[in-house]
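J.: Residues per chain are reported as follows:
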Amino acid sequence: MDKSGYGKTRLPDGRAWGVAVHESFDSVVAYVVEASVKDGRPVLHRVTAGVHCNLAVNPRTVEAQVQGAAVMGLSMCLPGSAITLKDGVVEQSNFGDFTVARITDMPEFDVHIVPSAEPPTGMGEPGLPPLAPAFANAIAAADRQAAAPAAVQSDVSRVIEYRASKRRAAMEKKKHVTAAQTKNRVRPSRRDLLAKIALVGAVFPFGSLSWAASAQPNNTNNQSDNGSRAGDNKMKTRKLGKLEVSEFGSGCMSISANYGPPADRSQGITVIRSANEKGVTFFDTAEVYGPYTNEDLVGEALAPIRNQVVIASKFGFDLEAGGLNSRPEHIRKVVEASLRRLKTDRIDLYYQHRVDPKLRSKTWLARSKI
Amino acid sequence: MCRWRAAASAGVSRARATIVVEACEIAKAARAAGLNAPVRTLWSREDDMRGGYYRPMHLHRARIGFDERGKVLAWDHVIVGQSITTGSVFEQFQVKNGIDATATEGMRDPYPLPMRLTVHHPKLNVPVLWWRSVGSTHTAFVMETLIDEIARATKQDPVAYRMRLFGDKHPAPPRRAATGGGQERLRQDALA
Chain A
14 MDKSGYGKTR LPDGRAWGVA VHESFDSVVA YVVEASVKDG RPVLHRVTAG
64 VHCNLAVNPR TVEAQVQGAA VMGLSMCLPG SAITLKDGVV EQSNFGDFTV
114 ARITDMPEFD VHIVPSAEPP TGMGEPGLPP LAPAFANAIA AADRQAAAPA
164 AVQSDVSRVI EYRASKRRAA MEKKKHVTAA QTKNRVRPSR RDLLAKIALV
214 GAVFPFGSLS WAASAQPNNT NNQSDNGSRA GDNKMKTRKL GKLEVSEFGS
264 GCMSISANYG PPADRSQGIT VIRSANEKGV TFFDTAEVYG PYTNEDLVGE
314 ALAPIRNQVV IASKFGFDLE AGGLNSRPEH IRKVVEASLR RLKTDRIDLY
364 YQHRVDPKLR SKTWLARSKI
Chain B
5 MCRWRAAASA GVSRARATIV VEACEIAKAA RAAGLNAPVR TLWSREDDMR
55 GGYYRPMHLH RARIGFDERG KVLAWDHVIV GQSITTGSVF EQFQVKNGID
105 ATATEGMRDP YPLPMRLTVH HPKLNVPVLW WRSVGSTHTA FVMETLIDEI
155 ARATKQDPVA YRMRLFGDKH PAPPRRAATG GGQERLRQDA LA
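Chains A and B are the protein sequences, given in the same order.
Quick note, my numbering runs 13 ahead of the 1-based positions in the first sequence.
Quick note, my numbering runs 4 ahead of the 1-based positions in the second sequence.
Treat the hints with caution; some may be incorrect.
[Stated by the list, open to error] Only pairs whose alpha carbons sit at most 27 Å apart, straight line, appear in this in silico DSS-like list of lysine-lysine:
1. A:Lys21 to B:Lys159
2. B:Lys127 to B:Lys75
3. B:Lys127 to A:Lys16
4. A:Lys51 to A:Lys21
5. A:Lys346 to A:Lys356
6. A:Lys99 to B:Lys75
[What the hints assert, rightly or not] For the chain B half of the interface with chain A, some residues (derived, Cβ under 10 Å), not all of them:
7. Val99
8. Ile103
9. Val146
10. Pro162
Just so you know, the hints here were simulated from the structure itself, not pulled from any lab data.
For each residue, glycine too, the CB sits at the ideal point set by N, CA and C.
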């Protein structure tokens with residue numbers, strides 16, 4: 014509010030202020046905008062955003078998210094940005110008949126983040142909802158200022174009326190579709206079936222799928238891979254204490270667990286080995302991934318190249334009794350099991366996966382020499 | 005008494021999973037037919053716009069009673085729109101008493117208003133899915149333009165009027181950084 018000049022700055026003739034504030038995903042975004050009507054078209058000139066998302070971990074990301082969301086919000090306000098149905102078919106097909114905001118529509122933009130040290134809240138979507146009402150409120154105000162009685166109908170109400178009538182018309186069309194075309198569905202039945210699958214499929218993230226998919230180019234891409242290894246794109250390394258590891262490490266968890274069903278075992282092994290062929294020498298796993306199965310997979314994949322790679326694994330859970338356990342005797346027990354699964358005589362980097370609140374840190378640090 | 009109708013626009017909901025699943029199905033069919041080669045599946049933009057999911061169209065109608073100072077005495081609000089989650093795996097979490105929470109999110113929270121909210125979910129053949137920020141795409145538009153209408157009808161500055169609405173519930177200094185002082189204060193901070 015303060016930053017926008019609202020209530021203090023006098024705007025050029027024809028421009029007006031508009032304000033809206035909305036909370037979503039536990040964050041609040043407020044917009045103060047300047048807008049006008051030019052040749053019957055609403056124009057957005059300037060946007061000042063006030064954002065409250067508690068601690069902004071990366072303020073530039075917050076700024077980018079708000080800008081992107083606002084452009085999307087602007088798009089939905091522009092004439093021609095509605096999807097309409099005729100006889101059960103979507104009338105629009107491409108950008109020729111469907112409007113999105115273009116670079117010439119882009120307003121000046123300032124994002125101000127309210128300082129806070131509280132735990133961060135959502136900062137992807139909250140920038141979208143308040144843009145359209147702020148813009149509409151500004152257009153309504155601009156229209157009142159123009160004060161040409163009866164001559165100019167409120168543009169915002171025109172926009173709203175336009176949308177409402179389109180909506181009503183579309184709604185009637187849809188009703189018509191429902192009533193008259195029970196056989197002739199809106200979509201081809203092929204997609205209908207696939208859509209149902211997609212809805213179920215949507216709850217399974219694609220982590221393991223993408224791992225598995227990346228294993229495929231084994232035959233087709235080898236040449237270019239070799240080329241890049243031989244060239245300047247050599248993997249850099251860095252020091253982790255006494256260890257030297259590739260700058261890119263491979264977190265192997267999602268091959269076996271936590272992102273949908275486990276990937277095919279042989280594919281998972283191929284992925285890990287091709288990562289190594291591409292220069293990765295640092296592989297991360299844990300007892301709890303699977304549980305157990307990821308260490309087993311990583312062990313098998315790395316056994317032939319054990320001396321060329323660095324393996325990290327983790328302890329800290331009691332997978333039999335449940336809960337956390339970092340007692341020295343427990344660590345000694347589970348590290349043996351991890352070594353067996355990893356098919357090796359050493360774990361190069363062994364992390365405590367979770368702090369065990371029952372233990373004072375000195376207790377196990379003092380005795381955890383493996 | 006103020007009577008007002010407003011509606012937010014429909015847009016294309018992007019459901020990329022659809023094409024991923026389709027690609028997998030086609031690849032499997034190709035393999036079953038003896039083709040041992042990668043299969044590329046491509047949806048043109050025309051396919052995407054005509055065969056995707058859509059943000060459900062919503063119609064709002066509100067009848068609002070307020071006094072000359074803008075104090076809201078009664079608010080009767082009706083929302084009509086297809087349910088997004090009914091029939092999906094999310095139904096059990098989102099639909100209560102026949103009302104899809106994704107259609108009403110953002111309605112009640114912003115201001116402490118005495119509101120009666122009625123929701124109708126017509127059953128239509130249009131495949132619907134969420135758009136970025138889901139229900140807030142239409143509830144924020146409707147609520148924030150209506151709040152402006154009340155401010156205008158009672159000749160008040162729209163910002164001062166909102167601050168007063170927040171302040172009625174949480175009389176906190178508007179510009180203080182929030183230290184866990186409730187969402188109304190967060191809103192005031194964002195607006196300040």
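J.: Are the hints correct? Go through all of them and say.
T.: Status of each hint after checking the structure:
1. A:Lys21 to B:Lys159: Holds, at about 18 Å.
2. B:Lys127 to B:Lys75: Distance ~37 Å between B:Lys127 and B:Lys75 Cα, so the pair is violated.
3. B:Lys127 to A:Lys16: Between B:Lys127 and A:Lys16 the Cα gap is close to 46 Å, so the pair fails against 27 Å, i.e. violated.
4. A:Lys51 to A:Lys21: Holds - the C-alpha atoms of A:Lys21 and A:Lys51 are around 24 Å apart, at most 27 Å.
5. A:Lys346 to A:Lys356: holds (16 Å)
6. A:Lys99 to B:Lys75: violated (44 Å)
7. Val99: violated (15 Å)
8. Ile103: violated (19 Å)
9. Val146: Holds: closest Cβ of chain A sits about 8 Å from B:Val146, inside 10 Å.
10. Pro162: holds (5 Å)
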